[in-house]
Structures are given as C-alpha cells and as structure tokens.
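Protein sequence lines correspond, in order, to chains A and B. Quick note: the first sequence uses the working numbering, first residue 37, plus one each step. Quick note: the second sequence uses the working numbering, first residue 1457, plus one each step.
Keep in mind the hints are simulated off the structure, nothing from the lab. Honestly, I wouldn't trust all of these hints.
[Stated by the list, open to error] Here are the in silico distance ranges between beta carbons for each label pair: (1) Met-1631(B) with Pro-203(A): 30 to 38 Å; (2) Asn-214(A) with Gln-1629(B): 32 to 40 Å; (3) Pro-208(A) with Thr-1795(B): 43 to 51 Å; (4) Asp-86(A) with Pro-1761(B): 47 to 55 Å; (5) Leu-1659(B) with His-152(A): 55 to 63 Å; (6) Met-1631(B) with Asp-150(A): 25 to 33 Å; (7) Met-1631(B) with Lys-217(A): 50 to 58 Å; (8) Pro-203(A) with Gly-1628(B): 34 to 42 Å; (9) Asp-149(A) with Pro-1802(B): 54 to 62 Å; (10) Glu-215(A) with Glu-1668(B): 47 to 55 Å; (11) Gly-180(A) with Gly-1628(B): 23 to 31 Å; (12) Gln-1629(B) with Cys-137(A): 29 to 37 Å.
[As the list claims (entries may be wrong)] Below are the EDC-like pairs computed for lysine to aspartate or glutamate, each with C-alpha atoms no more than 16 Å apart in a straight line: (13) Lys-1519(B) with Glu-135(A); (14) Lys-1713(B) with Asp-183(A); (15) Lys-1519(B) with Asp-1846(B).
[Unchecked claim] With the C-beta cut set under 7 Å, the calculated list includes, among others, these residues of chain A facing chain B: (16) Arg-80; (17) Ser-111; (18) His-114; (19) Val-116.
Every residue, glycine too, gets a C-beta built ideally from N, C-alpha and C.
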Amino acid sequence: MRPRGRKPRGGNSKLPDATGLELIAQRIRTSLGDEAVTGTTYYREQATVDVAPEAVHDALEYLSRADEEPWTRLSSLHGVDYLPEEPRLGVHYQLLSMERCDRLNLRTRVGADDAHLPTVIDLFPTADFQEREVYDMFGVVFDGHPDLRRILLPEDYTGYPQRRDFPMGGEPVLFTFNEHKYPRWYD
Amino acid sequence: MTDDPLSVPYRERERSVTMEPMGADDDLHEELFTLNIGPHHPATHGVLRLLTTLEGEVVRDIKPIIGYVHTGIEKSCEDQQYWKVITFVERMDYLAYYFNASAYCMSVEKLLEIEVPDRAQYLRVIHMELNRIASHLFALATGALDLGAITMLWWGCRDRDLVLDLFEMSSGQRMHPRYIQIGGVFEDIPPGWVEKTRKFLKLMPTRLDQYEDLLDRNEIWLERLKGTGVISQERALELGVTGPLLRATGHPWDLRKAMPYSCYEQFDFDVPVGHHGDNYDRFKVRMDEMRQSIRIVEQALDGLPEGDHITTDRKVALPPRHELATSMEALIHHFKLVTEGFRVPPGEAYTAIESPRGELGCYVLADGSAKPARVHMRDPSFVNLMSLPDMARDSLIADFIACVAMLDPILGGVDR
C-alpha cells in the first residue's frame, strides 16, 4: 500500500488554476476576437469559460484542434436553466484532456424564446445523443444536427420539461376509460 | 426535414414496413428488411428498442430508440432536499447505485466545501468496489445468457447475491441502500462485516476461475466473441466511449488512476486493457477488473482507518442517535435537517467517477436554497450506446446480440 498523501478533493485535478484559465480565455480572444469570450469563472477548483453562443463552435474548434494545450475530448454536454437570470438557458461543454488529466468547462447562455446554437457534432461525434437530450429537455435547437428529434420523451410531446417554469407533476396514465379526456393522443 | 422536427406527424417517421404488394421484377435477394428488436425483448437488457436494417442476416444499420423508462428523475430531484435526492439518483443506473450516490454526494460536498473523513472514504471505496464486482457479475451473467450459456446466469446471480448479502448487512438494503451520504456514509460497518467480506474475497477468485474454466475454453463462447463487434480505439474516443469498452481497445483510461478521487491514489491496482477492441476483450477486461476490485477491497480492509464515518459538521450530517436524548443542540440540528434540510451556497459543480460502465459525471447547480436547481447525470450507458451501430454494422445478427450483451447498457441509466 502506498503512503497516504493529501487527498485530492472531489475527484478532479486542480489545473487549470485561475491563472491558467485566464490564459486560455486570452488565447480564445486572440484567435476569435474579444467578443467571443464573455467571462471566466474559477469556482471550487473548476475552471469555466463563458462563450458567446455564436462563437461556441469556433471556440470549441480552436480549443480541440488549434490550441497549444488542446482539449481533445468532450466528456459531457448538458443543459441547465438559470431561471431568474437572463439569458436563461445554459449549455455546458465539459472538455477533457486525457493527456494532461484535466478538465475545462465551456459554458454558453441563450434566451429561452429563440434558443439556437451551432451543433458541435462535426468536432465531437459524442455530442449526437447529448445534443438531442438538451433539445428534448430544454428546447435548445442545435443548427446543423443531422437528426435532431426528441430522444427520451415521446415524439408527440409538447413542452420542454427540464425548464424551471415547467410544472412538476405526474403525467396521467392512459387507459381506455380516460383516453377521451386527453385528446392529444388521437391527433 | 422541416425546421421544427416535431411537426412531422406521430409515427410517420419510423414507418418502415409497407403493405404494398411486391413487384414481380423486384430482386428479392437484395431487399433490405427492417426488424424492430425490442423494446420488450430479453436480449436488449431492459427496454431498449433497436430499429435494425437487415440484408439477409447481415446488419446494415441500427438506430437505438430509447426513452421507454424515462421517469424524469432529474426533474424530480429539483423538488427534493439535497439529502433526499440520493434516493432518486440511486435509481438511475440501478446496478451501480453506490456510484450514482457517490458522484452526486461528491458534487454536493464540493459545493459545500466539506471534508469527508478518511474512514468514510475507505468505506465508500470498499462498497463501490464490491458494487463493481456485483455489476460486472450481472453483466457477465445476463450477457452469457444472451449467448445461450444459462449456467453462467445462475452462477453469476448466485455470487452476486453474496455481495448483496454484504450490502444488506452494512446498510440494511440489498439494492438502493442509500448508504453513501453527503459528508460520509450512513453508518459504520457492523461487527463481523469485515470477516464476512474477507471470506467473500477469499471465495471470489476461485469463483472467477470457475467462470473462466466454464467460458474461456468454450468453443461456442470464443467463436461468438472473438473478432466480433470490433471498434477502433480512435472511433471509441470520438464517440466518447469510456469504461471497459474503451479499455478493451487498449486505451488505459481509468478515472481511478487518472484523476483519483475518494482515496484511490492510496491503493495498488492495475488497469486491465484489451488488444483488439472486440467482444472477447470486453469480457476479459471485466473479468480482470473484478480481480483488481478484490485487490482494492483487500487493501482497503487492511488499511481501514479509525475515526468518524461521517463528517462532524452538524449542519450537514445528522447527529448520532444517542446525542438526541441528552443534547438540546443535537435535537435542534436533527429537527432542522429533517424538516428543512441544509442550504448549499450558489454555484455549480461537475464531478466524474469511474462507474462499472465508464465515466459517471454528476452536475449539480445550487441556487442557495435547500433544493438543487439542477441535477444532471452524464451516464456512461447513455453515451456508450452511441457506439452500438458502429460495433454491429456489417456483422451477423447473432453477433449483434453479443455486442449488446458485452456493451452492457443499463436502461435505467440511459433513460433516467
């Protein structure tokens, strides 16, 4: 058994630190223009770059291909609803570097009414199902996705249930005695 | 496709079989045939529907259609206090409950900035590794059943039961034990548990040898697994495949080694890898991982430190039962925790751990209240399922069944 060292907290490594994060943000700005990066957050040893929605694809292309310290893997893509804030919906791209054992979170924010983002499926094929899930749950449309349909909910479902203003509550189970009450089933 | 994909009428899109009469000059030998496998089919490991395009007996394309057990767990979590969410997330990947709870608890602990005592970390590791053995055993048992080896089903379930007995003894439940809590674990292990676990650890390697004797020299087993369902390492990485599937292609990516969490950096274990990325390598990697898990549990039992099993921060963890009779403060803390729960400072955290199926990530968004604003699980089954068409394309339909068996998707985790 190895001698006990200091425990790393929470399971992820600590780099990039706050300075490293600023350097990454600066490199994105240099290559894509100042308005591409809208901010950086370093919180609980996690680095997050905020990127303008129209710059998401370019920023990810830069980070995964051209950057001097490339982030080659997209480990997770998920949506989130920051309800009282505007713009409301957020999409997170959890980037991973298997060489440096390091993570970087790229975040973008879009409004709920006209949520459009460029797809990143050409950069990361793993985004396929995950973008469909974000579309399904939050209604963010990924332009250019080859097969953007609902993935977990039924195809005739209306609404985006993971939004914070979508009411919590059960779906009625359809039986022959009550199916007339829910005419959507016949439509 | 129109701009709004939802505008296409229901069921139109998936229509594949037509009732039109076949023309006399149609070449029947080159007809593509669409077969709908699932959702209710034992070989799909849950309610997985696979829209398969066949040419004769050769699979040309597969579209996985999921969502049949979507129960909105992530949405339900938003209406629960932090400590009650554990019950929900455990039910996602229902064979790896300790991992779900760990990933979630570690995210919340990160937001709360609380230290988990050493003993709790060890107990977590012990339970997670036992859970990994149980999960791999069940994958092997049902996988072998798909390939016709029914003995393996009984043997696998028999030995998985021994692990469940240990879970029952330590936490009172065989499945979904809610043992891992924010700040530590629910209870210290009972007297006699260590001895019982050691007995199991001594027995298990002999059982693994038994399985290998049964399967690894079996002509049918080898014929059906070797060289089938091959996926290249590059493609697996592109598709975000993790866990035993990625390691079977020869990539030694294991979060326990790469980004150690809990106390994995203190244990000596190997990361088994395969060579070809075929179904046989996946089987072998899982077998070897069980042996490594046994090693980890042995070391953890040897080095199990004394101390608290849960953080002493009374704002987060319930006070011990005996204090309730004597301490007014403990009673207040207990009351506050049970009625209101604790508040988590606003912020977001993503934590990833190595579940039996790959990277299990948990994202938690806290808005300062006693309930999380968002809980998202990056479930490895969900992502790994994307590689199924690549594995099974242009192979025989029987090999594709082997692919599903060795892919080991858990539909509770896929659909959440």
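Tested hints:
1. Met-1631(B) with Pro-203(A): 30 to 38 Å: At 31 Å between Cβs, range holds.
2. Asn-214(A) with Gln-1629(B): 32 to 40 Å: About 36 Å separates the Cβ atoms of Asn-214(A) and Gln-1629(B), which means 32 to 40 Å holds.
3. Pro-208(A) with Thr-1795(B): 43 to 51 Å: 31 Å, violated
4. Asp-86(A) with Pro-1761(B): 47 to 55 Å: The hinted range 47 to 55 Å is violated for Asp-86(A) and Pro-1761(B), with Cβ atoms some 41 Å apart.
5. Leu-1659(B) with His-152(A): 55 to 63 Å: 58 Å, holds
6. Met-1631(B) with Asp-150(A): 25 to 33 Å: Given about 44 Å between the Cβ atoms, the range is violated.
7. Met-1631(B) with Lys-217(A): 50 to 58 Å: Since the Cβ atoms of Met-1631(B) and Lys-217(A) sit about 37 Å apart, the hinted range of 50 to 58 Å is violated.
8. Pro-203(A) with Gly-1628(B): 34 to 42 Å: 35 Å, holds
9. Asp-149(A) with Pro-1802(B): 54 to 62 Å: Taking Cβ atoms as reference, Asp-149(A) and Pro-1802(B) lie about 25 Å apart, which means the hint is violated.
10. Glu-215(A) with Glu-1668(B): 47 to 55 Å: 53 Å, holds
11. Gly-180(A) with Gly-1628(B): 23 to 31 Å: 51 Å, violated
12. Gln-1629(B) with Cys-137(A): 29 to 37 Å: This hint holds: roughly 35 Å between Cβ atoms.
13. Lys-1519(B) with Glu-135(A): Judged against 16 Å, a Cα distance of about 33 Å means the pair is violated.
14. Lys-1713(B) with Asp-183(A): Roughly 36 Å between the alpha carbons, so the hint for Lys-1713(B) and Asp-183(A) is violated.
15. Lys-1519(B) with Asp-1846(B): 11 Å, holds
16. Arg-80: 5 Å, holds
17. Ser-111: 6 Å, holds
18. His-114: This interface hint holds because 5 Å falls under the 7 Å limit.
19. Val-116: For Val-116(A), the interface hint holds, since the closest Cβ of chain B sits about 5 Å away, which is under 7 Å.
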